[in-house]
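For reference, the chains in residue letters:
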Amino acid sequence: MSFEPKIVGFLCNWCSYTGADLAGTARIKYSPNIRSIRVMCSGRIEPTFIMKALYEGADGVLIAGCHPGDCHYQEGNYKALRRYRMLKKVLPDYGIDPGRIRLEWVAASEGEKFANVVDDFTEEIRNLGPLGIKEGLDEMMKDDVIPHHASGGEKGGDDNEA
Amino acid sequence: MSVRIGVYLCHCGANIAGKVDIDAVADFARGLENVTLVKDYKFMCSDPGQALIQKDLENKLVDRVVVASCSPLMHENTFRKTVERGGLNPYLFTMTNIREQCSWVHIDSDRTTEKAKDLVAASVRRAFLLEPLTKKEVPINPRTLVIGGGIAGIQAALDLAEAGKEVVLVEKEPSIGGHMAKFDKTFPTLDCSACILTPRMVSVGQHSNIELMSYAEVEDVGGYVGNFNIRVRKKARYVDSELCNGCGACWSKCPSSRVPRKGNVHEKLSLGPTTSIYMPFMQAVPAIPVIDRDTCLYFKNDSGACGICAKECERGAIKYDMTDEIVEFEVGNIIIAAGFKTFDPAKVKRYGYGRFDNVMTALEFEVMNCASGSTGGNILMADGSEPKSIGIVHCVGSRDSHYNEHCSRVCCMYSLKYAHLIKEKTDAEVYQFYIDMRCFGKGYEEFYDRLLSEDVRFVRGKVAEISKVPVTETEEGKLVVSVEDTLLGTVRRIPLDMVVLSTGLEGSETLPEIAKLCSVSVGKDGFLIEKHPKLGPVSTATDGVFVVGGCQSPKDIPDTVAQASAASSAVLSMITREKIEIEAATSEVDEDKCSGCKLCNTLCPYQAVKFDEEKEVSVVNEALCKGCGTCVAGCPSGAISAKHYEDRQIFAEIEGIFSGGL
Amino acid sequence: MKLKAGIYWGAGCGGCDVAVLDVHEKILLVAEKMDLLFWPIALDFKYDDVRAMDDGEFDIVLYNGAVRNSENEEIAHLLRQKSKVMVALGACAHLGGLIGMANFHTKEDLLKRVYVDSESTVNEEGTLPQEYWEEAGIPLELPRLYGTVKTLDQVVDVDYYIPGCPPVPEQIVNALVAVWDGNLPPKGSVIGAGSRTLCDECSRTKEEKEITEFKRTSEVITDPEKCLLEQGLLCLGPVTREGCGSRCINSNVPCRGCYGPLEGVPDQGIRMLSALASVLEPKEEEAIDELISQIPDPLRTLHRFSVAASILRRKKI
Amino acid sequence: MKYTYYPGCSVSATANLYQESIDSVLPGLGIELEELDDWNCCGATAYMSVRELLSFAISARNLALAEKYHRDMVTPCSACYLVLNKTNRYCEEYPDIRKKVGQALEAGGLNYSGNIKVRHLLDVVVNDVEKEKIAGTVKKDLSALKVAPYYGCQIVRPEIGLDDPDDPQIMDELIRSVGATCVDYSMKTKCCGASLMGTDEKKALHLCKEILADAERNEAHCIITVCPLCQMNLDIYQSKVNSLFGTKFRIPVIYFTQLIGLAQGKSMKELGLGRLGVKISGEMKKIIEGA
Amino acid sequence: MLEKEVVYEATLDHDFLDEIYSLPGGKEVKRCIQCGTCSGSCPQGAVMDHAPRKIFSLIRAGFRNEVLGSNTIWFCSSCYSCAVRCPKEIKITDVMYALKRLAIKEGKVTEGRKSAVLSRNFIKMVNKYGRNHETELMTRYIIEADLLNAFNFAPVGLKLFSNGRLPILPHKMKNVDQLRKIIRKVDEMEGI
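In the order they appear, the protein sequences are chains A, B, C, D and E.
Numbering that gives the first Met the number 0 applies: residue 0 is where the first sequence begins, and numbers increase by one.
Numbering that gives the first Met the number 0 applies: residue 0 is where the second sequence begins, and numbers increase by one.
Numbering that gives the first Met the number 0 applies: residue 0 is where the third sequence begins, and numbers increase by one.
Numbering that gives the first Met the number 0 applies: residue 0 is where the fourth sequence begins, and numbers increase by one.
Numbering that gives the first Met the number 0 applies: residue 0 is where the fifth sequence begins, and numbers increase by one.
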C-alpha cells in the first residue's frame, strides 16, 4: 500500500475554516488526508500545538489564516506568520524537513484554494515520506536498554563507584 | 466523578450517510473512553433530532454532548440552545464537522469514514475536558457617536435623532457636507447636489438630539460595546461660535490667501472664500468661519501684525487666543462614516498632472462646474478661453496594481455626467477613454444610452500617455493623448484642449488612525473591513462599531445613504435591546502564574490585556476580549488561557485524531 | 529519628553535589537531621549496600544528573525501589540539562567526535569504547551509552523536582526540611522554587515589548535597570521558573532557562519561541527571517536545558 | 569608494571614448574602479531571444567572478546593467533557473551565491558622491550650455528603483550640479530603437528622429547619454536620419562623463570628444571654449 | 486564420495560455484586461502585425500560430515602456522574449528572420571570443541576412572606423575555456 500522509490542519474560524466549508458547499474534492482543528484565530496557534501534532503522528501540519491585512482580529495572522517563520527555522535541528509545516492564507471565499492547498501539501508530504516521530522514537531508543552480556553473571557495582 | 459523553451522529439525509458509514462510526464511538451513549438520526438539526438530545440530557443520561454533523458555522448555535434547553451548560457541547470538511469533499468512502472516526475521537477527547462557561451581560448606553459628517454620517445621525436617540456627530472639517457638498449635479438624475443636501445639513445643525462637533477629531476610544469612552479634540476656530453670526465681514477684508496661486483662471477652483479666514462654502453648517493658522498673517508674524478680521467683526467674535478644547463623553455605539479621498494623479507622471496646464482632476473639474465655484460654473481653460475638445480619462489610480487594484465604481458614471455637462455648457467635443463601462445602478445604463445619443466619442482603451510633443500641425500647442482604440486595434493620437482625469477613490488619510482607535481592520485595499461582505455589510469585528459609506468601499450616493440607514437601524436594534451578551470564550489570566513580563501587553488588538500596576500582573478586560487567543499563544509562562480553547483541550483533540490509528 | 537519605549522580557534572555541600553551616543542620547512607561522590558506599537495604528504606533520595547510560538507569530503578521519596535534583535529572543537547546528535557522531576527530586525539585505528571485552578470560564491561539522553522521570516514577543548574543550595536544604517536617506538596510538584517565572523576582523595569534586533552579550553594554529582552538580549526569564535568586540577571547575563518551565507548559523552548516571535517588530516574511537570523543557534539557545524534556525529545534520525 | 568595474563589450570598442572619459573624470570624484578580471559578454538581449538559460549562465559567470571582490559591481552600459540585474532577479525568483545556472557555473568550477549588487555608473556618480563634491570640481562655467538628458530605456525600466520610469530626474540634477542648464523635454525616456537598428533600420531611425527633434525644439545644444548603444544610435546615425527625413540635425551626443569632464575643464582630446560622429561645433564650441 | 470569417474551436490551442503562463516571466499573463496601455505605449506598434494587447488576446484565445508567426515579437525593442505601465504588472517584454524562443524552437520564424540571424551570430561571436566583436558581428550579419543592404550600411561602418571606434582585432578574454565549459553544460541541460 502506498504511503498515505497524515496531516493536521489548524484553521482560523473566520477565513480558513469558512473557506474550507466553502470547498464543501461547492463539493470540490480533495484528498482526505487532512484532519482539521478549528481555532478562533491563526494567532491562537501555538508552535507547541504543531510539535504535539508532529509528535503524535502527523507527517505534515498545515496552518491557515486570513490574508495579511484581512485578519478578523486585525493582526493575529502576523503573529502566526512570525511564529511560523521561527519554527520553520528551528525544525531542521530536530531533523525535520521544514517543508513539513506550511502556512497558507486562505480567505473565506477561497474554497478552491483550500482544496488546492490540501492536495498540493498532501503530495509534497507524500514525497517527503513518513515522519513517524513517536514510533521512530521507540525505534531509536530500542538499544537504550540495560545490556546482558555473555558473561551473564551478576552485574553491578561491587567495585564500581559509579 | 465520571464523565458521560453522548455522541450524536447526523446522517443529514444522504449528505453524510451517503458517503460516511454511520454504523461504523457509531461502533467506533461506542468504544471510546467516557462515551456512554451513541445515537444517530436522519436530521439531527430537525425538531425530533434536537428533542433526542434534549431528552437524554433531561434524563441525565449524559453530561457532555458531541454532535457530529455539519459545520459548526452552520448549527453550533442551534445545538448550543438545544443543550441549554436540556439543562446543560452550552459550553459542555462540541461539534464535529463531518459534512463540509468530510463527506462532501472526499471521494473514497472508506477513507472518508476513517476521517469521520478520527474527527469524532478528537471531539470526544475535547468534550472530556470542556468547562462550563457563563455569558455576561452589559447595559447599552443609548447615545451614539457618528464619525464623519458627509452624506453617510448625516443620514445615519438624522435617522437616529428622528428615532429619539442622542447622537454626537464629529466632523474634522469646519463644516459638515463632505464630498457631496462640492458636487454640482448628481448622476444619473442630474439633480442639484446642493439642493438635496443643504436641507439635511441644516436639519443636523438644528436637531435637538444631535450634538454637532465640527472642526473636531476623535482622539481616543476606550471601553467596549454599549460603553465606549470617547475623547474628542475640538480644534480652535479662533472664532467664537456663540458670537459669530456668519455675516462675512471678516473674510471680505482678509489680506492673505490659504490657496496657493497658480496665476491663471484655474487658480481659484474652490468653493467659498480663498482667504485665510474662511467659510468652506456658503451653505456651511455650522455657518461659522475658521482661521487657517498656517497662512494667517496674524499667526505668521507672531507680532499680531494683522488683526484686520478682528477689527472688522462688529460682534467681537474673533478670538486669536482660543485653544483646542478636549471633550470626553460616553456612547454605546459608534458609526464610522469617515469617507474617502481621491487618488493623487501626480503619481502617474505620464499623464502630466501638475506639469501641464489643463490636465485636471475630476474633483477640480467638479468644482469648476459648480455655480458657486470661482468660474461661476463655466468650463474654461487655464487662459480663460473655452475649450474646443476635452478628454475624460477613466480608471486613473483604479484597476491598476501599481496604485489600487479595486474598481472605484463611481468614475464611469461621473465621467458620463461630465460629458453631459460639457455638451450642455460648451461646443467642445468630448472623448471618453474607458476600459469597461460599468453602469450598473438604477437608471445608469439609461444614462449611458443618453450620452451615446449626445455624440460623445467613446474610445475603449486606457490612455498610455499625455504629452505636449506635436507630430502633426494640428497637434501644435495641444495636449496629445496616445491611446490604443482597442476595438479598432489602432493606436490613436488625439489632440485635446483639456483633459479630465477620473481619479479613483481611496480610504481617507485619517482612516487607519480611526480604525485603530475603534479596533477595526483596514483591508489591503485601504478601506475598512466589514464583518461579512454579504451578511454583515455595516457591522464590524468589533461589537458596537459600524461602518458606512466611502470608508468601507467606494460607493455612490444611493448606496451610501442606504448603508447609513442600515447602520442606524442596526444601532437602534442594539439600543432597544438595552443589554448585550458578551463573548464567554475569552482569555483569562491566572494571576498566581503571571509574573508581569508584559510580553502579552502589545499583542491584543483590542487593548483588552493591560498591566495592573498594583497587582503587578497583566489582566484581561473580558468585555473587550474577543477570544482570538493571540495573547495565549504569546504568554511564555502559560498564565493566560483561552476559555473553551485551552491548551489541554487542543492537545486532547490532537491526541484524539491519532487515537484511532489514522 | 534521623531520616535515611541518599544522593546519587547520574549523567551530571557534579555541580549538584557541590551545591549540596555549598549550604555552608547548614550542612550541620543536615547532618543533625539526616543519615546519609549513599553518596558515591563523597562517601564510600557500594551498590550492594543499597541492594541489601529494604524496599522503601530510604526516606529520601536525591538523584542528580540525566539518564545517559545503562548504569544510570539501573541505579535509578534500584534507588526508586529502595526509597519512599524520589527527588530529581537539578536541571539534568529534571529536564535532561545541558547533557540533553546530545539529543541533537547521534550516538555514533558523538563517539566519533570524542574518540576520533577531536583535535587533541590520535586514534588512527578509530578505536571506540567497547561495552564488553574479554581479556585472558576475564570479562571487562562498561555500561552502555544510550543514544538518547533521558530525564529521570522518563525512566522511573519521580515524586518531586528541585530545578536548577545548579540548584540554589538553600533551596535544597528547604526541600530536605520539608521532607522531615512532613510538609510536602502534591506529588509531582517542583519544590525549592517559585510558582511564577523569573520576571516576577527580576528587579529590572519591564515595558511593552517590540523586538527590532537581537544582540549577543558581548555586543552590548547593558542598562542594569532595564529588561534584558528589551535590550535585544535573548533572556529566557519569561519562560523560566523563579527561585534561583536571579543570579544571572543580576550579573547582567540573560537567563538561560535552567529552572525549567512553569507547570502546564509542555515545552519550554518552543513556548519561548512562540512568545518571542509574537513580539518581533517586522511583518514581512523577509524582514522576519532577517531578524530571526540574528539569533545564534536559536533552538539550542531556547532549549539549552530542556531538549530531553521537550515534546519531540530528540533529533529525528 | 571602490567598485568592481564591468565595462562590457561596447565600451571597449565602439564606445571607447566613453571609457576614456571615465578614466579621466572618475578619480577626481573619489571613485575607484577595479576591472573585473577576465569578464565576458553580459549575455545581452540578443541572447535572451534565442537562448535564455545560456544568457543567464554566461551573465552569472561575471557575477560569480565578482563575488571575490566583495563590492558592488558597476557598469557604464545600460544594456549590461539590465541583463546582469535581470539575471540576479530571475535567479532569485525562479528556483529552477537558479539551480540550472548553478550547475552550469559548476561545470566551469564557479559558484554564485547571489550577493552581487549591480549598479549603473550614473547611479554611483549621482548617489554615492555628494553633489557639493561634484560641484567643487567644476572649473568652467557652462551655464549657457543647454543640455538635454537622454535616459533611454534600460536604466529606468524595468528594474524600477533608480528613478521614475516616465519622468526621471537624476541626470537632470547632475547637469545642474555641474553648472550647465538642463533642458526639460518629453522624449527623455523614449526608446531610440537601438536593438532594431540592425534589423529594421527605418523604424529605428524614425525613433531617433523624434528624440532629436524634441531636443532641438527645446533648444538643446547637446544630448547626454549613459549608454553606448543609445550614443551610437543618436550620434553615428544622425546623418542617416537627416538624409532619410530631410532634417538638419547637428546635435552632438556625448556621454554624461564627458559633460562632467568639460565642466572640470578637461580637454576635448582627453575626453575622447574628437571621435564623435557629430562634432562639437557652433554655439556649443563657443560656450566650451569661451568659458 | 484570422482572415477567415469563422474560426473553429478545433483549430485553436487552448493550452497555449497555460503554456505561456508557466514560463518564467509569464505568471501575470492571465490577468490581462485588454486595456491597451501596452499598445499605446509601444514605439513599434505601427509596424507590428498585432499590437501587444492583441497578442495577449490571441494567446488567451489559443491562436498559437498567429502569435508565434507574427512579427510583433521580433519588433519588440525591449524598451520596457509597456512592462512598467501595465496596470496588471504583466512582464510584457519578458513574455515577448519567451515567445521569440518558442517561435525559434518551433521553426515559426518568418518576418522576424533578421533579428533571429543577428541573435544567432551574436551568440557565435561570444562563444568564440567570450566577448562581442562588433566589427565581425556586423560583417557576418550583413553577409548572411542583409547582403542587399550592405551598401547602405557601409557609410556607418566607415564613420565608426574613421573615428577609431571599430577595432579590427577582437578583444579576447583569457579563460575562454571556462566559459565554453559553462556553455557546454547549458547545451547539455537543454539537450542541444
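Calculated from the structure, these hints are not laboratory results.
Mixed in with the good hints there might be a few duds.
As the list claims (entries may be wrong) - Just the calculated beta-carbon pair ranges, DEER-fashion: (1) G86(B) <-> D17(E): 57 to 67 Å; (2) K98(D) <-> E284(C): 17 to 27 Å; (3) L141(C) <-> D92(A): 50 to 60 Å; (4) E32(B) <-> P185(C): 50 to 60 Å; (5) K83(C) <-> H66(A): 33 to 43 Å; (6) D156(C) <-> R110(B): 52 to 62 Å; (7) D17(E) <-> E284(C): 24 to 34 Å; (8) E445(B) <-> E88(E): 34 to 44 Å; (9) H66(A) <-> L141(C): 57 to 67 Å; (10) E88(E) <-> E138(A): 47 to 57 Å; (11) D426(B) <-> R216(D): 36 to 46 Å; (12) K130(D) <-> D17(E): 46 to 56 Å.
We treat Cβ as the ideally placed atom computed from N, Cα and C, and that holds for glycine.
Results of checking the hints against the structure:
1. At about 60 Å, the CB distance of G86(B) to D17(E) agrees with the hint of 57 to 67 Å.
2. About 21 Å separates the C-beta atoms of K98(D) and E284(C), a value consistent with the hinted range of 17 to 27 Å.
3. Between L141(C) and D92(A) the Cβ separation comes to about 30 Å, which falls outside the hinted range of 50 to 60 Å.
4. Hint check: E32(B) to P185(C), Cβ distance near 24 Å, so the stated range 50 to 60 Å is violated.
5. Under the hint 33 to 43 Å, the C-beta atoms of K83(C) and H66(A), about 59 Å apart, miss the expected range.
6. For D156(C) and R110(B), the hinted distance range of 52 to 62 Å is not satisfied, since their beta carbons lie about 41 Å from each other.
7. Between D17(E) and E284(C) the Cβ separation comes to about 28 Å, which falls inside the hinted range of 24 to 34 Å.
8. For E445(B) paired with E88(E), a C-beta distance near 36 Å keeps the hint of 34 to 44 Å intact.
9. For H66(A) paired with L141(C), a C-beta distance near 59 Å keeps the hint of 57 to 67 Å intact.
10. Roughly 51 Å separates the CB atoms of E88(E) and E138(A), a value that falls within the hinted 47 to 57 Å.
11. Between D426(B) and R216(D) the C-beta distance comes to about 31 Å, which lies outside the given range of 36 to 46 Å.
12. For K130(D) and D17(E), the hinted distance range of 46 to 56 Å is satisfied, since their beta carbons lie about 51 Å from each other.
The earlier numbered hints that this structure contradicts are 3, 4, 5, 6 and 11.
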